[in-house]
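From first to last, the protein sequence lines stand for chains S and H. Following the numbering used here, the numbering of the first sequence begins with 8 at its first residue and continues without gaps. Following the numbering used here, the numbering of the second sequence begins with 8 at its first residue and continues without gaps.
If you are wondering where the hints come from, they were derived from the structure by calculation, not from laboratory data. Nothing false has been slipped in among the hints.
Intra- or inter-copy, both count: the list cannot distinguish identical chains.
Calculated cross-link-like contacts (lysine to aspartate or glutamate; reagent style EDC-like; alpha-carbon spacing at most 16 Å): (1) 318 x 339; (2) 107 x 97; (3) 349 x 363; (4) 129 x 33; (5) 107 x 151; (6) 494 x 434; (7) 481 x 449; (8) 129 x 36; (9) 129 x 258.
The chain contents come next:
2 protein chains.
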Amino acid sequence: MADDKKLTTRKQDFSAWYNEVVLRAELADYSPVRGCMVIRPDGYGIWERMQRQLDDMFKATGHRNAYFPLFIPQSFLAKEAEHVEGFAPETAVVTHGGGKLLEEPLVVRPTSETIIYAMFAKWVQSYRDLPLLINQWANVVRWEMRTRLFLRTLEFLWQEGHTAHATHDEAEEEARRMLGVYRDFMEGYMAMPVVTGQKTNSERFAGALRTFSCEAMMQDNKALQAGTSHNLGQNFAKAFDLKFQTEAGDEAFAWNTSWGVSTRLVGGLVMTHGDDKGLRVPPLLAPTEIVIVPIWRTDDDKTRVLDAAHKLKASLVDWERREPNRLRVHLDARDNMKPGAKYCEWELRGVPLRLELGPRDIDANQAVLVRRDTGVKQMVSLDSIGEEASALLEEMQDSMLTAARDRREANSLRGEITYDRFREVMEGEGAFVYAGWCGSEECEREIKEDTKATIRVLPDEEFRSAEPATRCLKCGKPSTMEALWAKAY
Amino acid sequence: MADDKKLTTRKQDFSAWYNEVVLRAELADYSPVRGCMVIRPDGYGIWERMQRQLDDMFKATGHRNAYFPLFIPQSFLAKEAEHVEGFAPETAVVTHGGGKLLEEPLVVRPTSETIIYAMFAKWVQSYRDLPLLINQWANVVRWEMRTRLFLRTLEFLWQEGHTAHATHDEAEEEARRMLGVYRDFMEGYMAMPVVTGQKTNSERFAGALRTFSCEAMMQDNKALQAGTSHNLGQNFAKAFDLKFQTEAGDEAFAWNTSWGVSTRLVGGLVMTHGDDKGLRVPPLLAPTEIVIVPIWRTDDDKTRVLDAAHKLKASLVDWERREPNRLRVHLDARDNMKPGAKYCEWELRGVPLRLELGPRDIDANQAVLVRRDTGVKQMVSLDSIGEEASALLEEMQDSMLTAARDRREANSLRGEITYDRFREVMEGEGAFVYAGWCGSEECEREIKEDTKATIRVLPDEEFRSAEPATRCLKCGKPSTMEALWAKAY
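Next comes chain S alone, as it looks inside the complex (with noise of 0.2 Å):
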């Protein structure tokens, strides 16, 4: 349970908050192992939802599910040059089986793509054969040193895509296919607009050819990287001999893509999200939509309000919201609690809707719903309650994606900008900044260094500046893009 200390206020210590909301609406918590996190089950029945979500995305792209071996030979890593040495160093390798020493130790996998092209190697001969579209949900490891509550974990929850296609163009198309659907997603779903667009040469993943991503700002304006999708190009086909033949005839090397969102999503979920009362979860993740609180002094009442409560329970989980989904509803009979205090717990853990149900309201045949949202109370008819509950939640999911969009373009600055001045919104505050690149590597690794800001993206056209800078934010030459700066956890 909740305990009643005030929270830390975002503004006091964003981390401190983050930290507190996570742990004490029992999101998570730490465990015995460095590192390794627990996933409790409210912060499991949000990630369930996405997935459950997601998946019938990916299955209406027509991928399909499969699962391939947690452990990874490492002479396997090493065939894809780029990758081993992205990967190599953070793995956690098995020595000993059965115990006994191994002949060859194996990999804790960090990723897939080796063992998973292997495997396409033995299954694809023909071009009858492609497009091969795979998606794998299961657990990664990478060896982290400083670990964040479900954004920097040594183990976490993914699904990773890996396809294969006869030509590059299938490839990129797919690559770019499933960036939009996480886009989507995350917008859809969890009411978190993200700028997309291709990461540099020098963020791109390990082996890969090109590299897209969904960039979300938080609310301290730090950039999360939230989904990522590769074009592979044929490195891991020439590494893994991943052949067949084309319609033609000849034989020809397979371009594979993959692409992965994580349990990261769940954090960044609070910390777009979130407020100084606690967590607040958009309606269409939330495992519990609407909590009825009931409210009573005499032990009368406390029967007659029970007895309409459970009755009022029942009817909304049979109101249909939108087929095939039911109203989500809890009620907290707990009788060792004041309402108030029901109250903050419900508003610390997120829950979208609460409905406050008292002896008056009965005989008024009224109820109150209250916003987490907004905070705004109504007064609404037992006979219409379904409805309007309904409508406000769909409002509210609406009006949280509105709300994290505005507060991201309030805190993004576009145009003509001095270094100096960047430093600073760097050093201070924090911002998106839409600056000229001209392109070359060491401006991008000389910025970095000096204020920890990266490139997130080379924005898409749609998000890229009307009136664009034209000299590179760093050495003053003409600008060749527009680059999207920020700090980033």
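With chain S held as given, fit chain H onto it using these hints.
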């Protein structure tokens, strides 16, 4: 794609038949990692349907999902004496992380009692926090020397339920309840009948007070332990200091249960229902329930038939079988295969119903429906095909369970049996033998050494013989309980 060679028959070599069906129906494949398999989309699709159904049943009985770390400190395993003895010899051990030797090696979870009850100890303070009803969907690793696809692999996927209760009796009730859920699932969805009962002391889970099991008979008359449920007593609570304040204000150790089923169930499904043509999937678990095979000779016919087949598929998908489920239909429109070859392939893959549609069928407004379980064909009017197909699928689901139960009963022996005859049976065709047992571990061990048969369970009342044997199968002393003997996977 499945190749054309005939399957080894079950009679020729059951074990070879099993491997061929799993590989050629593309349920799974061998991986480059010793003892680890890849679950391919057709196998994973069955597992996903199993998961969805079990998950609904767990939630309906009050359980919530959570996720605990993959890695367990080696010292944790050692805290419960029987547990470490049972599991330590078969663990995979991570000794290096991020390029460095770890201070304490980490075990890849073989099961999660230790890490989960360590967390429960942190979360549970009062009787008000009980019962705590948690489930986890996860991968686990046990270093097996002899592996078989789905049945015994180094890594497998499973769910593990873990609960804490205030009293012994509540824990016992929970362990029993979940055994019942497993049975309902296995019989109601897998069409796989099981015998339930208690394990003997020598076969119970390492660290448990009592283990209950569901035992199914495969077509080679061997038993498959399909799911187990354990009353763990206070063994883990004492090892991990999982205490709570009782309503009376005292301090007491909690009582735990754990229960699990795994991807092994997919193997059980194959060995329960497969035939010499391949797999037969019970309709409720079939990713595809109906495959439409269009038939044409001329190009004109092809256009007409494919057009009609697409319309038929659309109308079937819209057919509401049982709310909110729709018929799951695949149209095999490949133009590089003859219908006969398609029939064989879909029989191999086990799709419950085949729908053949040719030009003359369209003229007559009809189609041919073929049941995979019996091979029976029937003409059906296109006007009522959704209704007919739905009814057939329900009938198949029931008749597959009946057929499997009849087969089991035909291969079960009850009442007095001499030890010589018992040995003969176990060396020959095998059976479920309900025999008398004096209760001594010595008789149990000697029979096992002698015949490789083990006591699968001490059967629950409804499975016991009306006239049980009165003497112990081995020593001839008076029987104190009836035991179910079989060789097992």
